[in-house]
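Here the first sequence is numbered in numbering that gives the first Met the number 0, starting from 0 and rising by one per residue.
Hints are computed from structural coordinates only; laboratory data are not their basis. It is possible that some hints are incorrect.
With a straight-line Cα cutoff of 20 Å, these simulated EDC-like cross-link-like pairs (lysine to aspartate or glutamate) come out [said to hold, decoys possible]:
id : residue 1 : residue 2
1  : Lys251    : Glu374
2  : Lys315    : Asp136
3  : Lys76     : Glu59
4  : Lys217    : Glu101
5  : Lys96     : Asp38
6  : Lys96     : Asp36
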Amino acid sequence: MLQIQVLRDQKERVILGLKKKHFQDAEVIVDKLVALDDDRKSIQRNLNDIQADSNKLAAEIGQLIKNGLKEEAEVVKQKVATLKIELKNLEDALKQKEVELETLLITLPNLPHESVPVGKTPEENEVYKMSNIAIPDLGENPLPHWDLAKKYNIFDLELGVKITGAGFPLYRGKGAKLQRALINFFLDEAHAAGYEEIIPPLMVNEDSARGTGNLPDKEAQMYHVTKDDLYLIPTAEVPITNIFRGDILDEKVLPIKMTGYTPCFRREAGSYGAHVRGLNRVHQFDKIEIVQFAHPKDSYDIQLKMLEHVEGILIKLGLPYRILRLCGGDMSFSSALTFDFEVFSAAQKRWLEVSSVSNFESFQSNRMQTKFRDENKKVQLIHTLNGSALALARIVASIIENYQCEEGIKIPEVLQKYTGFDILN
RNA sequence: GGAGAGAUGGCAGAGCGGUUUAAUGCGGCGGUCUUGAAAACCGUUGUACCGAAAGGUACCCGGGGUUCGAAUCCCUGUCUCUCCGCCA
Numbered sequence: 000m001l002q003i004q005v006l007r008d009q010k011e012r013v014i015l016g017l018k019k020k021h022f023q024d025a026e027v028i029v030d031k032l033v034a035l036d037d038d039r040k041s042i043q044r045n046l047n048d049i050q051a052d053s054n055k056l057a058a059e060i061g062q063l064i065k066n067g068l069k070e071e072a073e074v075v076k077q078k079v080a081t082l083k084i085e086l087k088n089l090e091d092a093l094k095q096k097e098v099e100l101e102t103l104l105i106t107l108p109n110l111p112h113e114s115v116p117v118g119k120t121p122e123e124n125e126v127y128k129m130s131n132i133a134i135p136d137l138g139e140n141p142l143p144h145w146d147l148a149k150k151y152n153i154f155d156l157e158l159g160v161k162i163t164g165a166g167f168p169l170y171r172g173k174g175a176k177l178q179r180a181l182i183n184f185f186l187d188e189a190h191a192a193g194y195e196e197i198i199p200p201l202m203v204n205e206d207s208a209r210g211t212g213n214l215p216d217k218e219a220q221m222y223h224v225t226k227d228d229l230y231l232i233p234t235a236e237v238p239i240t241n242i243f244r245g246d247i248l249d250e251k252v253l254p255i256k257m258t259g260y261t262p263c264f265r266r267e268a269g270s271y272g273a274h275v276r277g278l279n280r281v282h283q284f285d286k287i288e289i290v291q292f293a294h295p296k297d298s299y300d301i302q303l304k305m306l307e308h309v310e311g312i313l314i315k316l317g318l319p320y321r322i323l324r325l326c327g328g329d330m331s332f333s334s335a336l337t338f339d340f341e342v343f344s345a346a347q348k349r350w351l352e353v354s355s356v357s358n359f360e361s362f363q364s365n366r367m368q369t370k371f372r373d374e375n376k377k378v379q380l381i382h383t384l385n386g387s388a389l390a391l392a393r394i395v396a397s398i399i400e401n402y403q404c405e406e407g408i409k410i411p412e413v414l415q416k417y418t419g420f421d422i423l424n
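The whole structure should be built from the sequences, with the hints applied where relevant.
Here is the structure:
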């Protein structure tokens, strides 16, 4: 959520930013918000004054009663009674105004960083970097990963359908082992980069979902356990980022770096077609997430370091990748700057998104009220960042496609100590 | 799931209708003393909002209520602890 003060102080910048994100009627809504805030202030001023009067009179009554002046006290009580009616009205008006303000403010997306390219669709994303890893030559008829899965019994989507439903893959045998190898490899990489490992809850309450912006914006994306009013996490970002919800941190502890492996659950309502085939888009997948809580002055440097971290993993896995800087129209609601990593899945001949590294600046921390005390002892909002390092299902898809050969599927060297085998067949 | 107890400032812990703008201790910060440090002593130490400032208002788990006045009384929700039951 944006801060109302920013709308007041930097109106032009806000409107331009909203437009870059293709937010409709930016001027009108910003004006309306400022007007609502003006109303709020004036009501509050009024309310505070009357409360002050009322408090004084109450103290007076206390004194009068203490001194045995009962009749005089009664007179003052009458005065307070009229104030009380007014107070009640003002309190209601204030609350209503605050709700109105927040309901509208929460609909505003984060402002894009100045480096965000103008554009509306994924085609307008900027290719920030292309890897120099060669796309493998797979010969005549390379198999897509769903066919390889059948051939080598790596995972089974039909069984997933039987047990649960579409989009819940079941990994087996060496496929399951490969999955586990990747999880351990990614966690070890994150640990080596200084991230503390977290095993968070896989369900979160409403406050947490709201804190990271998954509610109300992306409610349809999450599985909701209505009986207990909990949400299955769509990413470890949600529980991990919420660790510091409502806290004021010491500047000295920044940046805080955390990583976590979790399964991720996404409803992906309305998805269909060839591009969601196999592991390309599923309802449950494994992901290792890296999260940082940063001083505002450092957050963009930190984002670049996170990019390097993800890049390093892809290089070790030998997967051809490219990094995109997302345009205003393709970025997520809460992000100020997002880089996507895509790997080339050589049999499908498609780029698959396997990581998204975002800087949210203070957009999440404003909702979560996560702050830090700066060198002048002033309290200010922290910056939050996160990225996938990495998302499993699609990495598996591209590994098995890109490493297929006559004898089976070669295992990238860095993974062999985790899998315990060098070929999957 | 059953029974009981509880939720107060960074922590510990008092307060149970009117100098509480929350005692006291610990911790933090600043200072005195000291070559330096420790100890001792003195001061200071929450957040949000309104206000140019002075200052004001709100917040003692959340929500509602009683009262001129609520941390304190009532209702309700949530959570925690203890005991019992069940259980990986």
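Evaluation of the provided hints:
{"no.": "1", "hint": "Lys251 / Glu374", "result": "9 Å, holds"}
{"no.": "2", "hint": "Lys315 / Asp136", "result": "19 Å, holds"}
{"no.": "3", "hint": "Lys76 / Glu59", "result": "10 Å, holds"}
{"no.": "4", "hint": "Lys217 / Glu101", "result": "17 Å, holds"}
{"no.": "5", "hint": "Lys96 / Asp38", "result": "8 Å, holds"}
{"no.": "6", "hint": "Lys96 / Asp36", "result": "8 Å, holds"}
The earlier numbered hints are all upheld by this structure, with none contradicted.
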